[in-house]
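Undergrad: Residues per chain, in single letters:
Number of protein chains: 2
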Amino acid sequence: MLRTRLDPGDTKTVDLDDVQDVSMRVLLGRGHGMPNFALRHFVVEPGGHTPHHRHDYEHQVVVLEGTGEADSAEGVQSISKGDVLYIAADEPHQFRNSGTTSLQFICLVPLNRRNGEEVPGS
Amino acid sequence: MLRTRLDPGDTKTVDLDDVQDVSMRVLLGRGHGMPNFALRHFVVEPGGHTPHHRHDYEHQVVVLEGTGEADSAEGVQSISKGDVLYIAADEPHQFRNSGTTSLQFICLVPLNRRNGEEVPGS
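These protein sequence lines are chains A and B, in that order. When we follow the numbering used here, the leftmost residue of the first sequence carries the number 1029, and every step to the right adds one. When we follow the numbering used here, the leftmost residue of the second sequence carries the number 1029, and every step to the right adds one.
Don't read these hints as lab results, they were simulated from the structure. You may find that some hints are simply not true.
The list treats identical chains as one, so a pair stands whether inside a single copy or across any two.
[To be verified] Straight-line C-alpha distance at most 25 Å; calculated SDA-like pairs for lysine to any residue:
{"id": "1", "residue 1": "Lys1040", "residue 2": "Gly1103"}
{"id": "2", "residue 1": "Lys1109", "residue 2": "Glu1146"}
{"id": "3", "residue 1": "Lys1109", "residue 2": "Glu1145"}
{"id": "4", "residue 1": "Lys1109", "residue 2": "Arg1053"}
{"id": "5", "residue 1": "Lys1109", "residue 2": "Arg1141"}
{"id": "6", "residue 1": "Lys1109", "residue 2": "Asn1140"}
{"id": "7", "residue 1": "Lys1109", "residue 2": "Gly1144"}
{"id": "8", "residue 1": "Lys1109", "residue 2": "Thr1129"}
{"id": "9", "residue 1": "Lys1040", "residue 2": "Ala1101"}
{"id": "10", "residue 1": "Lys1040", "residue 2": "Asn1143"}
{"id": "11", "residue 1": "Lys1109", "residue 2": "Met1029"}
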C-alpha cells in the first residue's frame, strides 16, 4: 500500500497560459506506478481559475473545500464542497474560485490519451 | 457535465460475505457512461469493515471523514480524513472503522479486469 495525504501546502504553482492562482500535486500518478488513472489535488485561490479548454480525455472531480463555478457545455454552475462532477472528453470546461477561501478539489484523469500519448499531469 | 453530490444518506447496504455495516454508492460508473474508471462512495459504520480480500485490479482511496484502520501487505495502519491510499492489484486489503463516527471514503477502480471482464461495483 502506498499512502500520502491531502495537503494544500504541498501543491506546486501551475504556470500555464490562461491559468490564474492555481496549484496542484499529483497524489497518485504514473510516477507512483499507477496502471490506469491518476489522482491530482488542485487548489485555486480566490479569483483564480483553471484554463478554459478542452481535451480528448475525461475528468472526474470531487470538490473538497470552498465554493466556485464550473463553466462547461451546460453553462456556468455553482459548485461547492461535496459536489461530484464529470467532464467528458472534448467538453470545454473551466473551474473558477468565486469565494473568499481556497477552492480545493481532486481531479482524476486516465493515464493516456486516445492516441496512446501521456495525459499531461498524470 | 454530469454532476451529483456526496451524500452518506444515499448509499446502499453492501450485502456480501465478510462485510459488516458498509454502504456504498457508485457516484460515476459505467452506468453513467464512464469510459475508463469508476468513482464510488463508501460509508463504514463504527465496528464495521470491508472484506479482507484481494483482486486483480487496483484501488485509489481518499478518506473523507472519520478514522479507521487499513490492513494491507504492510500490516495494520491507522487512517483518517485526508489520507490518500493506493492498493495495488493482487494486494490483500481490508478497511475497518475503529472510531465512533462514520468512516467515509471514495474508492476508484478501473472499469475492467485484466481479462476484460467488468470490475464489480464499477
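Undergrad: Now tell me if each hint is right for this structure.
TA: Each hint tested on the structure:
1. Lys1040 - Gly1103: neither (29 Å within a copy, 32 Å between copies)
2. Lys1109 - Glu1146: neither (30 Å within a copy, 31 Å between copies)
3. Lys1109 - Glu1145: Close neither inside one copy (33 Å) nor across copies (34 Å); limit 25 Å.
4. Lys1109 - Arg1053: both (19 Å within a copy, 18 Å between copies)
5. Lys1109 - Arg1141: neither (29 Å within a copy, 32 Å between copies)
6. Lys1109 - Asn1140: This pair counts as neither: shortest intra-copy Cα distance 28 Å, inter-copy 30 Å.
7. Lys1109 - Gly1144: Result: close neither inside a copy nor across copies, 33 Å intra and 35 Å inter.
8. Lys1109 - Thr1129: Both: 12 Å inside a chain and 20 Å across chains, each within 25 Å.
9. Lys1040 - Ala1101: Neither, since 29 Å and 31 Å both go past 25 Å.
10. Lys1040 - Asn1143: This pair counts as neither: shortest intra-copy Cα distance 28 Å, inter-copy 38 Å.
11. Lys1109 - Met1029: Answer is between: at 17 Å across copies they meet the 25 Å cutoff, but 28 Å inside does not.
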